[in-house]
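There are 2 protein chains.
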Amino acid sequence: MQALFQEKLQVLNVGLSSFADSITRAGGSVLQIEWAPPALGQQEVGRALARLVNLLSVETANQTAFDAYQSAQPVLSSVGIAGKVLPNMGERMILHGGPPIAWKDMCGPMKGAIVGAILYEGWAENLARAEAMASSGEIAFEPCHHHHAVGPMAGIISPSMPVWMVTNTTNGNHAFSNFNEGLGKALRFGANGPEVITRLKWMGQILAPALRAGVELLGGVDLKPMMAQALHMGDEVHNRNAAASSLFLKRLISALLKTPTPAADLAAVVEFIAGNDHFFLNLSMAACKAMLDAAHGVPGSSMVTAMARNGVEFGIRVSGTGSRWFTTEAPVVDGLFFPGYTTADAAPDLGDSAITETAGVGGFAMAASPAIVKFVGGTPQDAIDNTMAMTHITVGRNNAFTLPS
Amino acid sequence: MQALFQEKLQVLNVGLSSFADSITRAGGSVLQIEWAPPALGQQEVGRALARLVNLLSVETANQTAFDAYQSAQPVLSSVGIAGKVLPNMGERMILHGGPPIAWKDMCGPMKGAIVGAILYEGWAENLARAEAMASSGEIAFEPCHHHHAVGPMAGIISPSMPVWMVTNTTNGNHAFSNFNEGLGKALRFGANGPEVITRLKWMGQILAPALRAGVELLGGVDLKPMMAQALHMGDEVHNRNAAASSLFLKRLISALLKTPTPAADLAAVVEFIAGNDHFFLNLSMAACKAMLDAAHGVPGSSMVTAMARNGVEFGIRVSGTGSRWFTTEAPVVDGLFFPGYTTADAAPDLGDSAITETAGVGGFAMAASPAIVKFVGGTPQDAIDNTMAMTHITVGRNNAFTLPS
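Protein chains in written order, with the working numbering: chain A, 110 to 514; chain B, 110 to 514.
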C-alpha cells in the first residue's frame, strides 16, 4: 500500500466527468471512461433491453434471418427502367438515399441532385423552375429503400433512369440500384450541370440497352462469386471496386460483342466501364440489398437489415420491426478533402452505400483491402483489428465471403 | 557432465554420413547435416570462391547490374512475327525453352511441341515426316534466350509464330515472348493434334493482327505498373495472372474496339483473352526478360540474369559471364498430377518461365498470392517466410514491385 502511494497516481473515472474534472484541475492525470446507465437511466426501458440479451426467441429469429441472408444468391438478371420495374414507383416520384426526409430538410448535395433529376426528366426547363417544382410539393420524395432499391450518395433515382435488376434466386426477392456515373462532377454528389445531364441521357439511351442486351445474352451474372473473388483481389467492394469492375467487364465483354450494339456505341460503353473503377459499386450494393431483404421481416429478429444516411439523419431498419426506421443525427465525416475545404464545408454522411457494411463487406471487410487502409491513413493491422472487432456486433460470419490469408 | 549422460543422447552429424550410419545401426538417433567442403574439396577452387565473397569489384559490378535491372521500363510496344523481328532467327530454326539441347536428348513434351511447330509451319505433312525432319539435322534448334526471347514450358517459337515485342525504354533493349494458348491441350505441353495447330493458326491470322492494332493504337502498354498492381491483387505474375490478365484486357479493350477488326473476330479475340487467366504470363515473362537483359553483360557481376529448364537440364546465365550457361540436372517436380499419374510419368522441370523468379516475382513474391500457396498446399505464413528467405540470395529489392501489407 505504501509502495502504491510512492508511484505516480493514475486515475480511471467511470461515468460522471465532474470527478475527473476535479482531478485535472488539481494537476492530476485522469482517463475518463465514457459510460452512462442504459436507456439514459430509464429503469423500465433498461430492464427491457437487458431481458433481450441472449433471449432464445430473439436468437432463434436472428438465426432464421441470418440463414436467409447467408443462403441468398444475388444474380444480376437484367437492366430495366426505374418507372417500369421498381415496385410502387410513382410517375412524379424521385427516390433518394437514406431514411425519409422532406425537401426543406435535405442537405445541399441531395437538393442539387434532385434538381438535376428534374432537368433530366424534362419536367422543368431550368434550374430555377426545377427547384421551384421540387419545393412545391408536386413531386413525391421517397427513400430508395422503400422500393427495394439502393443508391450511393444522394442516391437519386427518377422514373426514366435505368436500374440494375438483381434477383435473389434462392427465394425470388428483387433488388435494384442505379448506374454508377464515375468520379468528378456527378449527380450523386449533387452536380447538375449540362455535362452531368448529358452523361445521364447517354447512360439511359446507349449504355442501358447495351448492358441489358449483354446481361440477358449471358442469362444473368452471379454476383456473389464475383464479390468473393474481388475480396481476394484487394477490394472490399464498397470504396474499392477495381478488381470487381475488371472481373465484371471481363465477364460481360464477350457477350456485349455478340449483341447488335453498333461498334461506335460499343467502344464508348466499354471505355466508360473500363474507365471507372467504381462501376461495380452499385452492383455490389444491389447484391447486398437483395441478400439483406431476404433477411428482413422475420418476427422478433433484431438483425439490422439496412443502414443508410440522407445527409441529415443516419437510419437503420431491423428485420423484426418492419418498415420502421430508427434514426439519429448523421455523423460529419472526417475524411479527405480537396485543398482549402474542411469538415465545415461538408454535408454529413450521405447515401445507401452502407448497405455493404450491413451485409458484412465494405468497412467490415477492410482487412481484404490494404490499399484502402493506406488511403485513409491506417495500417493493414488496423484493418485486420477493425474487421475482427466487427465480429462482436454481427450475427454471424458469411461462409461465401472470405478474406485472404 | 553426469547429468548430460543421464539424458537421452541426441547426435548431430556433419559431413560424412558413415559416422551417422554407425549410430543408427547401434539403435541411436542422429540428425545428418548435409555438408561438403566447397568446390567438392578442390582447395584452389574453394579458395578462389572464398575470395569472391564481399569482393569490392564484384559488389560494385552487381550494383551496376542491379541498377540497370531496377531502372528498366519494359513497355509492350507491338506484336511481330518471330522470323521477322527476332534477332538472328533462321528460316529453318525453332527456338525452345531452357539451355541448349540436341534433338536426341530432348524430353517428350519438347519433341512433341517441335513436331507440332513443324506441322504449323507446313514444313511436313504429317507427324511421322515432321519427326523425321526434326531428327534429320536440317532444322536448327536454339534456346529462346539466345534471341532475347522467352517461352513457357517447351517454349517453342517457330518463324511464322506471332510474338510480343517488349522494349525497355530506359536503354532500348528488346525482349520477346510467344502468345499464351490457354490451358488444356497446348503446344507448350507437347500436344500437337489438329485442334492445337488450328488454334495456333487462328492466333497467327486473327489474334496477332488484332492485338498489334490495339497495342499500337495505345502507343504501347507500360507493363511494370500493371505487374505492380497485379501483385497487390493476389497475383505473383508467374503461376497466377488472373488480375494482370484482367487489367491488360481492360486496358486493351477500348483500343481494340477502335481498330478495323471485324466484329466477329473481335468477339472471338476478347473471348479468348477473357477465358484465359494465364494470358498475361507471357507478357510478364517478356517484361522480366527485358529487365534482366538490361542487367546482363556487366563485367565481373555475379548477378544471375536467367534461370531456365529444358526438361533435362536446369541452366543459369550470369551477368559477367556472357552467353555461357551453367547447367545441372533439371529437378523432377513433386507437383499436382492428374489422377493415376505420378512423378514417374513426368518430364523434369521445363521452360523459361523461371525468368519471373530471376526477376524477383513469381515464387520469390509468393507472399503476394495466398491463393497459389493454398493451391500447392502451404499456408500464407509459408509464403511470407519463403519470400523473406529469398532476400538472402538476391542482390537487392525491387522498388517498383511491393507486396500488400
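Read the hints as simulated data drawn from the structure, not as lab findings.
On a predicted model such as this, the values are computed, not experimentally measured, just so you know.
Just so you know, not all the hints are guaranteed correct.
Restraint-style ranges between C-beta atoms, simulated for each label pair [stated by the list, open to error]:
1) A:Arg238 - B:Ala373: 45 to 51 Å
2) B:Gly199 - A:Gln490: 53 to 59 Å
3) A:Asn508 - B:Asn508: 51 to 57 Å
4) A:Lys483 - B:Asp491: 22 to 28 Å
5) B:Ala509 - A:Thr503: 34 to 40 Å
6) A:Pro489 - B:Pro147: 38 to 44 Å
7) A:Pro489 - B:Gly199: 23 to 29 Å
Straight line, CA to CA, 30 Å or less: simulated DSSO-like cross-link-like pairs of lysine-lysine [stated by the list, open to error]:
8) A:Lys367 - B:Lys367
9) B:Lys220 - B:Lys310
10) A:Lys483 - B:Lys333
For each residue, glycine too, the CB sits at the ideal point set by N, CA and C.
Right, here's what the structure says about each hint:
no.: 1; hint: A:Arg238 - B:Ala373: 45 to 51 Å; verdict: holds, 49 Å
no.: 2; hint: B:Gly199 - A:Gln490: 53 to 59 Å; verdict: holds, 57 Å
no.: 3; hint: A:Asn508 - B:Asn508: 51 to 57 Å; verdict: violated, 40 Å
no.: 4; hint: A:Lys483 - B:Asp491: 22 to 28 Å; verdict: holds, 25 Å
no.: 5; hint: B:Ala509 - A:Thr503: 34 to 40 Å; verdict: holds, 39 Å
no.: 6; hint: A:Pro489 - B:Pro147: 38 to 44 Å; verdict: holds, 42 Å
no.: 7; hint: A:Pro489 - B:Gly199: 23 to 29 Å; verdict: violated, 52 Å
no.: 8; hint: A:Lys367 - B:Lys367; verdict: holds, 16 Å
no.: 9; hint: B:Lys220 - B:Lys310; verdict: holds, 20 Å
no.: 10; hint: A:Lys483 - B:Lys333; verdict: holds, 21 Å
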